[in-house]
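> Since the structure of chain C is already known, use the hints to place chain X on it.
In order, the protein sequence lines correspond to chains C and X. Position 268, counted from 1, in the first sequence is what my numbering calls 268; the numbers after and before it change by one each time, with no gaps. Position 95, counted from 1, in the second sequence is what my numbering calls 95; the numbers after and before it change by one each time, with no gaps.
Incorrect hints may appear among the rest.
Pairs of lysine to aspartate or glutamate residues, derived as EDC-like cross-links and limited to a Cα-Cα distance of at most 16 Å, are as follows [to be verified]:
(1) X:Lys78 x X:Glu32
(2) X:Lys257 x C:Glu77
(3) X:Lys257 x C:Glu250
(4) X:Lys257 x X:Asp354
(5) X:Lys198 x C:Asp41
(6) X:Lys363 x X:Glu254
(7) X:Lys198 x C:Glu40
(8) X:Lys149 x X:Asp425
(9) X:Lys149 x X:Glu137
(10) X:Lys17 x X:Asp103
(11) X:Lys460 x X:Asp425
(12) X:Lys17 x X:Asp354
(13) X:Lys363 x X:Asp373
(14) X:Lys199 x C:Glu77
(15) C:Lys3 x C:Glu77
(16) C:Lys232 x X:Glu254
Sample of chain C residues lacking proximity to chain X, with all beta carbon distances greater than 12 Å (derived) [said to hold, decoys possible]:
(17) Thr86
(18) Thr168
(19) Gln245
If you want a taste of the chain C side facing chain X, the calculated C-beta under 7 Å gives, among others [claimed, not checked]:
(20) Val66
(21) His68
(22) Met219
Derived from the structure by calculation, the hints contain no laboratory data. Computed from a predicted structure; not experimentally measured. Built from N, CA and C at the ideal position, the CB exists for glycine as well.
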Amino acid sequence: MNKVISRRQLSPNITRLDVLAPRIAEIRRPGQFVIVCLTEDSERIPLTIADSNPASGTITLVIQAVGHSTLELTALEPGAFICAVTGPLGHPTELPASGNALCIGGGVGAAVVHPIAQGLHRRGVRVTSIIGARTREQIIFEAELRQFGNLIIYTDDGSHGRRGYVTTPMPELLANNTWDVVYAVGPGLMMQAVAELTRPAKIRTIVSLNPVMIDGTGMCGGCRVSVGGETKFACVDGPEFDGHQVDFRELLDRLTIYHTFEESAHRAPSGHCDKKISIPNEPK
Amino acid sequence: MNTRLTTKQRLQIPRHKMPKQEASIRAANFSEVNLGYTEQLALREASRCLNCRDPRCLRGCPVGVNIPKFLNLLAHGKMAEAAQSLLRDNALPAVTGRVCPQDIQCEANCVLAGKGASVSIGNLERFVADWASSHREQLPAIKISAKGKPVAIVGSGPAGLTAAGELTHLGYSVTLFEALHKPGRVLSYGIPEFRLPKKNVAQEIERLRVTGVTIECNVVIGRTYTLPELQKQFAAVFIANGSGLPMFMNIPGENLKGVYSANEYLTRINLMGAHQFPRSRTPVINGVRVAVIGGGNVAMDAVRIARRMGASDAMIVYRRSRSEMAARAEEVHHAEAEGVKLQLLTAPLEIFGDERRWVTGLKCQRMQIGEPDASGRARPEPIPGSEFILPCDVVVVAIGARANPLLTATCPELKLNRQGNILVDENGMTSLPGIFAGGDIVRGAATVILAMGDGKRAAKAIDRYLQNQPAKATA
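Okay, chain X solo, but in the shape it has when bound:
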């Protein structure tokens, strides 16, 4: 429809906003905030792409999606072809279209970003991914891969799923091991329904299953099987079991009742359905005043959940200023629109409890911006005499996680850094030949898309590694 537009005409089309649930309504439900483009909006938005001769958007994509190609096909209404192109590059487009920080990746590089507003690449990726899920009959039947050498993947999160998709496409026989009873890891237990519906996650995982990926849940590598045992059965292993142990602040009162790690709070609700208790059997303490400590996406997810669970005061407590918050800008805006309050430049000192050891408040102090620290971010410094008490009945600590030692402890030969993260070379290979690693177990806490980039790179490196290996007796 939009094939004959001139560049000038394309430039005149305004960027299309994502339709969304109204803030006052969505703050009381768990349904997705963003409603998605209609087909008409999507085609119109896609036709804003100028088809640059040197498309810079590509360089901003950690998984290397051929962005202009799928946008161009979409602008021409070639849905099935756009979907095929996107799915070939990205195993989880319905996920990345929703949770990627496009504003600092592809869209930041878009030539239109300098002229006012970039093409809404993320929204369009989401549109094409959802179209693909609801029009499977219009896509060519997926070939079940030839049973090539067996490759094990530890962890079914973004890195593991991406590697699984890529390796299956390359003809390997892939088995994914997952410790929990549902696959997806952070996509299932971490990111809430209103940002990433579990239905979409399930569809992406189902598509991988159809292509021949075997997923074995309830298997803890490091406990049920050790890494050396996997090595005996598989030609190569990709470790993507994520970060593990949640960090606490080591301030008094952290073991009071009503204090959660973000991991626990999110898992109770997103994975175990505690917001539907007692229909789901896992409970969660329903705070009236909830203080979430941290400034990243996990903190934003937790505080918005608290709001939806009925907290009259859902608060972010963050020791730096707004510009240092690691959360996606859109999530911070959404949270504020939903009534979340930001206590910025505020550092927790102690958690107070009543005589029964239930949380009653958070002692904080105000901070001011100082000199930049090792991370390059301005170091917050306490303002003397600024201590105050923030009354609350639930505290959620969302300040990151340490490396999980379960797997690495059973394989001492695996080289780790001082934080316990696995050391890898530029191909993602660990100190042990044939054992690769990626995602948070290597990076510490990072993003879904960076983990996916690791998964894709490792899959290619595993392919090169196995191509150069003589046929292995055990394979």
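Isolated chain C, as found in the complex:
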């Protein structure tokens, strides 16, 4: 059982929970995640460790409420308990010892790219971050990321920072600077777009994938992704991979497997699901 120490609403649908997990807080490294299971009957879901405080023994989880399980988690108040917080899982981010790094976070991905920027900064790598969201109120981790270097903000409607997407400034940034590595975390289509922009110049581009997972220890194989034509398990082989090798179409498609169930969980408290509800071809 892990106690929720504090809760902060970062945007209308993004919540930050600081959870007591001393061992994980002590040893977690950038890029690693935990599996969270609210009660014995809840779903087990993977969440990246956005930050930690070894002194207070807490880890920071940033959760976007999209399905039933994330809605339940984001409703937790300080003092509440979570049945299971397991980790830290996955390989830590590969961090260079020096040079220039570009960290890109789309939407809630800003929280996931945070520990990477933090890790780079601690090693003395020069960090430039780009974060983006639809509107001003959905921009998160702005102050935190600003500590690690230059921060560029984009919103779809121009209500904060510049108007556009996180990829908008990339052609110019790539043309005018030398980058040793680019990290991209966010919706699949965004990570794919970043990878396509860095591909011509062959800039090492690392993406953090978020497929459906159960155990997080390699046992179920639900999180399989195709990387360089090979099937990999995101939980034990990732969650970070070479963005130029990832089959994003398959990743995006596999993320839709349970969409109909999530809709029905919102709708009705009983009865079996109708598999015939239409599945969007192009998920957001």
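Only chain X this time, still in chain C's reference frame:
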């Protein structure tokens, strides 16, 4: 009651069938198929045992249960004594009584097997185990073990639980580490409710807890703590974290939507309760036509679950013939009675999907029996021109698992075989002194009872090892 029977009289008692739910009813529910003997049936069946002077049944038991002893006590109606005897030999009798392949172990060795029908040892083991759970007040209070040297066990499956029971009995202070949020491993996520009720698993684990075993869930050894870290805190370690990564066939279409590994399919339902969605939060795709690939117990469990989830066609696709199926004979019979169809001598070639990448069918080819291969089983050979498409909307791949690298990767000194399984000596000790291993992480995929045998052997070896160790500063 049956004390004065002559051998001739015993021989005249017919073997008692296990009462079970009718196939057409059980195919639509998750309740246990076998209902268990009544006390009357159990006593009568136990009195069939001839008390052979040289009981061969014992030799067939990987955990060394003193079978004639508990049968004899049972036949005399000495329930509590029978239970004590059984529990002393076997930490998980309610499990083994239900899932052991008795037909090729103890019961195959029973002298009566040659005379028609062996004593139903498994059914009787189950009866005594269940009696023990419901009559705890009639059993002597369990002594909490003296706090001996600390021993860590990695993985709370059959091997780990058995070793925990044995080591606690020997006076060690045992801590079990489990990666999932519930203990039991394959007993919890793998074997379905209708074959092994979770209530029985919970009772067995609770009995171990009462004897002083500490179980720490949500700890992944290799991630949360490394093996070298465990070595510093514990006098000995037993690694029984099971097999890991599910194998796929490497045929086109395996990442389509609707394709599951058996591990994922079973875990969603058995551990996470997906058949009760949305009351349980984990969903599973409910196929109308479900093809399960494989011929072992895991494949049987998956296909029978699919049937219970409402599949009109629940099919086994297996490339060899019935006689090579690794599944327990009883499970195959049960499955067929429940309407499961067997597509034998059939090998999958490709999985097809629709424009949205949902599974629509499995391209297969028919096989014929060829020469025996390295495993001694007849090698199946394709029949040219026999390709056909089996329409289905869910495919479950149940062809085994590879060794999980999570723990071994954090301890490179640990010697592994080429498949990544841990190498051990005849006592179950690894290449590192004081580190033992057993179960599927050593054997590859095997059975519950073989894992339990490893757990028992390792516990005894750990005891011998620690007896010979000078008091360790860190212990």
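> For every hint, state whether the structure bears it out.
Do the hints match the structure? See the list:
no. : hint                : result
1   : X:Lys78 x X:Glu32   : violated, 27 Å
2   : X:Lys257 x C:Glu77  : violated, 36 Å
3   : X:Lys257 x C:Glu250 : holds, 10 Å
4   : X:Lys257 x X:Asp354 : holds, 10 Å
5   : X:Lys198 x C:Asp41  : holds, 14 Å
6   : X:Lys363 x X:Glu254 : holds, 12 Å
7   : X:Lys198 x C:Glu40  : holds, 14 Å
8   : X:Lys149 x X:Asp425 : violated, 23 Å
9   : X:Lys149 x X:Glu137 : violated, 30 Å
10  : X:Lys17 x X:Asp103  : holds, 14 Å
11  : X:Lys460 x X:Asp425 : holds, 14 Å
12  : X:Lys17 x X:Asp354  : violated, 47 Å
13  : X:Lys363 x X:Asp373 : violated, 25 Å
14  : X:Lys199 x C:Glu77  : violated, 32 Å
15  : C:Lys3 x C:Glu77    : holds, 10 Å
16  : C:Lys232 x X:Glu254 : holds, 12 Å
17  : Thr86               : violated, 4 Å
18  : Thr168              : holds, 31 Å
19  : Gln245              : holds, 15 Å
20  : Val66               : violated, 13 Å
21  : His68               : holds, 6 Å
22  : Met219              : holds, 5 Å
The structure shown violates the earlier hints numbered 1, 2, 8, 9, 12, 13, 14, 17, 20.
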